[in-house]
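For the record, the sequence lines run as chains U and B. Numbering of the first sequence is given in the numbering used here, commencing with residue 1 and proceeding in unit increments. Numbering of the second sequence is given in the numbering used here, commencing with residue 1 and proceeding in unit increments.
Rather than coming from a laboratory, the hints here were simulated on the basis of the structure. Being a predicted model, the structure only gives us computed values, none of them experimental. Certain hints may be false.
Okay, derived cross-link-like pairs now, SDA-like style, lysine to any residue, Cα gap no bigger than 25 angstroms in a straight line [to be verified]:
| # | chain 1 | residue 1 | chain 2 | residue 2 |
| --- | --- | --- | --- | --- |
| 1 | U | Lys3 | B | Ala58 |
| 2 | B | Lys223 | U | Thr121 |
| 3 | U | Lys444 | B | Glu7 |
| 4 | B | Lys219 | U | Thr207 |
| 5 | U | Lys3 | B | Gly143 |
| 6 | U | Lys84 | B | Glu222 |
| 7 | U | Lys134 | B | Gly189 |
| 8 | U | Lys134 | B | Glu104 |
| 9 | U | Lys338 | U | Ala354 |
| 10 | U | Lys323 | B | Lys281 |
| 11 | U | Lys137 | B | Glu7 |
| 12 | B | Lys5 | U | Ala132 |
| 13 | B | Lys281 | U | Asp442 |
| 14 | B | Lys223 | U | Pro410 |
| 15 | U | Lys272 | U | Ala422 |
| 16 | U | Lys406 | B | His228 |
| 17 | U | Lys134 | B | Glu41 |
| 18 | U | Lys444 | U | Asp267 |
| 19 | U | Lys3 | B | His228 |
| 20 | U | Lys392 | U | Ala422 |
| 21 | U | Lys323 | B | Glu104 |
| 22 | U | Lys210 | B | Pro277 |
| 23 | U | Lys392 | U | Pro410 |
| 24 | B | Lys5 | U | Tyr126 |
| 25 | U | Lys444 | U | Asp463 |
| 26 | U | Lys338 | U | Asp371 |
| 27 | U | Lys134 | U | Val162 |
| 28 | U | Lys3 | B | Glu222 |
| 29 | B | Lys5 | U | Asp267 |
| 30 | U | Lys285 | U | Ser307 |
| 31 | U | Lys270 | U | Asp290 |
| 32 | U | Lys323 | B | Lys223 |
| 33 | U | Lys122 | B | Ala58 |
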Amino acid sequence: MGKITIDPITRIEGHLKIDAVVEDGEVKEARSSGTLFRGFELILRGRDPRDASQLTQRICGVCPQTHATASVLCLDSAFGISDKITDNGRIMRNLLLGANYIQSHLLHFYHLAALDYVDVTKVAAYEGNNPALKSIKRFISRGALGPFAPRYEGDYRLSDEVDQAATAHYVQALEIRRKAHEMLALFGGKMPHNCATVAGGVTEHPTVDKMTSFLWRLNEIREFIDDVYIPDVVAVAEAYPDYFEIGAGCGNLLAYGVFDLDGTETDYLKRKRLLRSGTVSTDLKLGQVDAFKIAEYVKHSLYEDSSTGRYPGDGETAPQPEKDGAYSWLKAPRYDGKVYEVGPLARMAVNYVAGDSAVQGLVNPVLSHFDAPPSALFSVLGRHAARALECKYVADSMADWVLQLKPQEPVYTDYTMPEEAAGMGLVCGPRGALGHWIRIQDGKIANYQCVVPTTWNASPRDDHGQPGPIEQALVGTSIRDEDNPFEIVRIVRSFDPCLACAVHIITPKGQELGQFRIS
Amino acid sequence: MVKSKTEELPVLWLQGGGCSGCSISLLNSVSPTPRNILVDEIIPGKHLNVRFHPTVMAAAGHAAVAELERTREEAKGAYVLVVEGSVPTAAAGVYAMIGEEQGEEISMHTWVKSLSSDAWAVIAVGTCATFGGIPAGSPNPTGSVGVQEVLSAERIDTPLINVPGCPPHPDWFVGTVAGLLLHGLPKEGDLDEYLRPKAFYGQLIHENCPRRAHFDEGKFAEKLSDPHCLYELGCKGPVTHADCPTRLWNNGVSWCVGSGAPCIGCVEPTFPDVVAPIYEKITDEALPNIGAE
Chain U
1 MGKITIDPIT RIEGHLKIDA VVEDGEVKEA RSSGTLFRGF ELILRGRDPR
51 DASQLTQRIC GVCPQTHATA SVLCLDSAFG ISDKITDNGR IMRNLLLGAN
101 YIQSHLLHFY HLAALDYVDV TKVAAYEGNN PALKSIKRFI SRGALGPFAP
151 RYEGDYRLSD EVDQAATAHY VQALEIRRKA HEMLALFGGK MPHNCATVAG
201 GVTEHPTVDK MTSFLWRLNE IREFIDDVYI PDVVAVAEAY PDYFEIGAGC
251 GNLLAYGVFD LDGTETDYLK RKRLLRSGTV STDLKLGQVD AFKIAEYVKH
301 SLYEDSSTGR YPGDGETAPQ PEKDGAYSWL KAPRYDGKVY EVGPLARMAV
351 NYVAGDSAVQ GLVNPVLSHF DAPPSALFSV LGRHAARALE CKYVADSMAD
401 WVLQLKPQEP VYTDYTMPEE AAGMGLVCGP RGALGHWIRI QDGKIANYQC
451 VVPTTWNASP RDDHGQPGPI EQALVGTSIR DEDNPFEIVR IVRSFDPCLA
501 CAVHIITPKG QELGQFRIS
Chain B
1 MVKSKTEELP VLWLQGGGCS GCSISLLNSV SPTPRNILVD EIIPGKHLNV
51 RFHPTVMAAA GHAAVAELER TREEAKGAYV LVVEGSVPTA AAGVYAMIGE
101 EQGEEISMHT WVKSLSSDAW AVIAVGTCAT FGGIPAGSPN PTGSVGVQEV
151 LSAERIDTPL INVPGCPPHP DWFVGTVAGL LLHGLPKEGD LDEYLRPKAF
201 YGQLIHENCP RRAHFDEGKF AEKLSDPHCL YELGCKGPVT HADCPTRLWN
251 NGVSWCVGSG APCIGCVEPT FPDVVAPIYE KITDEALPNI GAE
C-alpha cells in the first residue's frame with residue numbers, strides 16, 4: 001500500500017493538498033486538506049454590517065461577485081428590504097454575477113483544467129500562420145518552458161491538430177475572459193472586487209451607451225462559447241471517454257438557485273430564478289430545499305464537538321487544534337444529514353429534472369452525441385459539460401436581460417439600518433451553493449457565517465463517517481502511473497475547487513493523518 | 001534545445017494569505033496581453049520565465065515545489081520573487097502552507113524568508129502582501145504581515161517594491177516589471193515612503209477625481225447612486241494615493257467612483273481598519289487638511 005500526496009494541487013484557486021491511499025493500483029481512501037486560513041468571519045465581527053459586501057468579496061478573487069451577491073442579499077434581508085430592490089437593481093446584479101460566471105467558467109476550462117488534457121508542446125511542430133501559435137512556437141524553441149513544464153507525462157491523447165487548435169483557444173480565451181471582466185466593470189466600476197454592488201441595489205446607472213457596450217462584448221463571448229468552448233469540451237470528451245466513468249462522487253446534488261427573475265418573494269429559495277433551487281440524486285427526482293436542513297458537522301474537523309450539527313445561522317467557530325481523529329479545519333456541511341455536491345452539474349441537473357425545456361434542449365444533444373444516459377453526467381466529463389452548457393444558458397439569457405434595463409429608473413433603494421437584526425443570503429456562484437448568514441447587534445456585526453461551495457465539495461468526513469464529495473469521487477479510481485497521477489488531478493479539478501473560499505480550512509504542520517500511516 | 005539569445009528573467013510567484021485576485025487582475029492586462037507577458041519577449045531580448053505560479057503552472061505537487069528550489073540554486077541573486085497575499089506568522093506560520101519536503105509541510109513564512117534572501121528583487125503585489133491587508137485586519141487571527149515586515153525582521157536587504165491595491169491595476173505591476181527590465185532597480189526618489197512607485201501612486205484620488213468640482217462647490221451625494229461628491233458617504237479618495245481616476249480600470253471602461261461608489265482606500269496601509277466604516281465620512285484626524293467644517 002502506498003500513499004500519493006499532491007501538495008500543492010495547482011491550477012485551482014487557493015491552497016489544496018490531496019492524500020490518496022493506493023492499493024493494487026486503486027484509490028482506497030482519499031483526504032483533501034486546505035492549507036490556508038485567514039479567519040474572515042472573525043475579522044468581520046464588530047464591523048459596520050454594510051462593509052460585509054466589500055470585505056467578503058475579498059474572500060475570492062475568482063468569484064468576488066458571488067460573495068458580493070450573497071452578502072447584499074443577506075444584508076437586504078437583515079435590513080428588511082429584500083422585496084424592495086428595484087428591477088434595475090435586480091437586473092444589474094444579475095448581469096454583474098452573470099459576467100462573473102462567464103469569466104470563471106472560461107478560466108476554469110482553458111486555464112485551470114485544459115493543461116491536464118492539452119499538450120502545448122505539440123505547437124513546436126506548428127507550420128501555420130496563427131500569430132499566437134507562432135509566438136508559442138518561438139517560446140518553445142527558446143527552451144525555457146515555465147510555467148507549462150514540468151508537468152505530468154504520459155496521457156495526452158489529442159491529435160496534433162486538435163492540440164494546436166486548443167492551445168490557440170487557450171490564448172484566445174484569455175482575451176475573452178478579460179472582456180467578461182470588462183462587462184462587469186462597465187456596471188460595477190472595476191474587477192476583481194467591485195464597489196457598485198451594495199445593500200439596497202447597485203450604485204451605477206444603466207445608460208444606453210453602457211448597455212450597448214455590454215451587449216456587444218457579450219455577443220462576442222457568446223460566439224466564442226458556441227463555436228469554440230463547447231466544441232472544445234466535446235473534443236476533449238471524445239478523446240478521453242473513460243472520464244465519463246470516473247469521479248462520480250456522492251450522487252447527491254444541491255442548488256440554492258441563482259439569477260432572480262422576480263424580486264418580490266422574500267424567501268430566496270422560493271424565488272423565481274433562471275437556475276432554480278432544488279436537490280437531485282441518482283434517481284433523477286427533484287427535491288425542494290429547506291435552508292433549516294443545512295447543518296455543519298465537526299467530528300473530523302478541528303473544532304470542539306459541542307459545536308457540531310449546527311445550522312449555520314447559529315454557527316460557532318470553536319477551534320480545537322489538537323483534536324484526535326480530526327484532519328481538517330474545513331467543517332463538513334451536510335443537507336438533511338447527507339453528503340451533497342454543489343456546482344454547475346447540480347444546477348443543470350436540477351433544472352433538467354424540473355422540466356426546464358431550454359436546459360433539456362442543451363443537455364440532450366450532448367448525451368445523444370455520446371450515446372450516454374443522464375447518469376453519465378455524474379463524472380469528470382459530466383461536470384465539464386454541465387459547466388460549458390450552463391455558460392451558454394447564462395450568457396444567452398443575459399442578452400435579454402441587458403435590454404430590460406431602464407435608463408432614468410432608480411437602481412438603489414435607501415434604508416434605515418436596524419440596531420438588531422438577522423439575515424440570510426442564499427445564491428449560487430460558479431462553483432456552487434453559497435450562503436451568508438449575519439446577526440447584527442448594537443448596529444454592528446455580532447456573527448457572520450459563510451458556507452461556501454468548496455466547503456461542501458472538499459469537506460472532510462462528518463460525524464457519521466461519510467467522506468466528502470471529492471473524497472468519494474477519488475475512491476475506487478484506478479491509477480495507471482503513481483508517479484503521474486493524472487486521474488487524481490483531473491477528478492479534483494473537475495470540481496473547480498476554490499480553497500480561498502473554503503474559509504475554515506487548515507492542516508496544522510506535521511499533523512499525522514490518522515489512518516494515513518503508510519504500512 | 002537551441003541555445004537562446006533571449007535573456008531569461010526567472011520569476012517565482014508565491015501566494016500566501018490572499019484570494020488570487022491580484023493574479024486575476026494581471027490577466028486583465030490589455031497591452032501587453034497575458035500572452036505577451038508569459039510567452040513573448042516582454043521587452044525586446046528579455047523574457048519573463050515564470051517558473052512557479054500556483055494558478056497557472058502545469059506542474060503540481062513535488063514537481064512544482066522543486067521549481068522553487070531549482071531556481072534558487074540555478075539563479076541565485078538573479079530571479080524576481082513576487083509575493084501575493086499576506087504572510088501569516090502566528091503559530092509558526094501554520095495558517096499558510098505551500099508544499100512539503102520529506103513529508104514536512106513548509107510555511108509561506110519560511111518560503112518568503114528563504115526565497116527573498118537569494119532574489120535579485122522582491123515585488124509585493126497587492127495590499128495583503130504589502131501591508132497585510134484584510135487578513136491583517138483586526139483581530140488579525142493569523143498574525144498576518146506584509147513582506148516588508150518579514151524582510152526587516154529578518155534583516156534581509158534584497159530590494160523590495162510594493163505594488164498595493166485590492167487588487168492592483170495590471171498596469172501598475174506590468175509597469176513595475178518593465179521598469180526593472182529597462183532601468184534596473186529603483187533609483188532614489190522612484191518610490192514613496194511605503195516603497196510604492198510614485199509613477200502610479202504619486203497623487204491622491206481626490207486630486208484627479210471627476211467629481212472634485214462637486215466637492216469644491218459643496219454638492220454632496222445624499223445617498224448612494226446620487227451623482228455628486230461621495231465624501232459624505234465615506235469616500236476615501238482624499239486620503240488614497242493612486243491614479244485610478246485617470247488610468248481607469250478594465251480596458252478603461254470605468255473605476256470605483258465612476259460607478260457611483262465611494263473609494264475604499266484599498267492601496268493604503270490603513271486598509272481595511274482605519275478606512276472603516278467604508279460608508280462613513282472620514283474623520284478629521286485621518287484628514288487634517290480637507291473637509292474641516
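Verification of the supplied hints:
no. : hint                : verdict
1   : U:Lys3 / B:Ala58    : holds (22 angstroms)
2   : B:Lys223 / U:Thr121 : violated (55 angstroms)
3   : U:Lys444 / B:Glu7   : violated (55 angstroms)
4   : B:Lys219 / U:Thr207 : holds (23 angstroms)
5   : U:Lys3 / B:Gly143   : violated (33 angstroms)
6   : U:Lys84 / B:Glu222  : holds (19 angstroms)
7   : U:Lys134 / B:Gly189 : violated (41 angstroms)
8   : U:Lys134 / B:Glu104 : violated (42 angstroms)
9   : U:Lys338 / U:Ala354 : holds (21 angstroms)
10  : U:Lys323 / B:Lys281 : violated (46 angstroms)
11  : U:Lys137 / B:Glu7   : holds (17 angstroms)
12  : B:Lys5 / U:Ala132   : holds (21 angstroms)
13  : B:Lys281 / U:Asp442 : holds (20 angstroms)
14  : B:Lys223 / U:Pro410 : holds (12 angstroms)
15  : U:Lys272 / U:Ala422 : holds (23 angstroms)
16  : U:Lys406 / B:His228 : holds (21 angstroms)
17  : U:Lys134 / B:Glu41  : holds (13 angstroms)
18  : U:Lys444 / U:Asp267 : holds (24 angstroms)
19  : U:Lys3 / B:His228   : violated (62 angstroms)
20  : U:Lys392 / U:Ala422 : violated (36 angstroms)
21  : U:Lys323 / B:Glu104 : holds (20 angstroms)
22  : U:Lys210 / B:Pro277 : violated (30 angstroms)
23  : U:Lys392 / U:Pro410 : violated (29 angstroms)
24  : B:Lys5 / U:Tyr126   : holds (22 angstroms)
25  : U:Lys444 / U:Asp463 : violated (33 angstroms)
26  : U:Lys338 / U:Asp371 : violated (31 angstroms)
27  : U:Lys134 / U:Val162 : holds (16 angstroms)
28  : U:Lys3 / B:Glu222   : violated (62 angstroms)
29  : B:Lys5 / U:Asp267   : violated (64 angstroms)
30  : U:Lys285 / U:Ser307 : violated (33 angstroms)
31  : U:Lys270 / U:Asp290 : holds (10 angstroms)
32  : U:Lys323 / B:Lys223 : violated (50 angstroms)
33  : U:Lys122 / B:Ala58  : holds (15 angstroms)
The structure does not agree with the numbered hints 2, 3, 5, 7, 8, 10, 19, 20, 22, 23, 25, 26, 28, 29, 30 and 32 stated previously, though it agrees with the rest.
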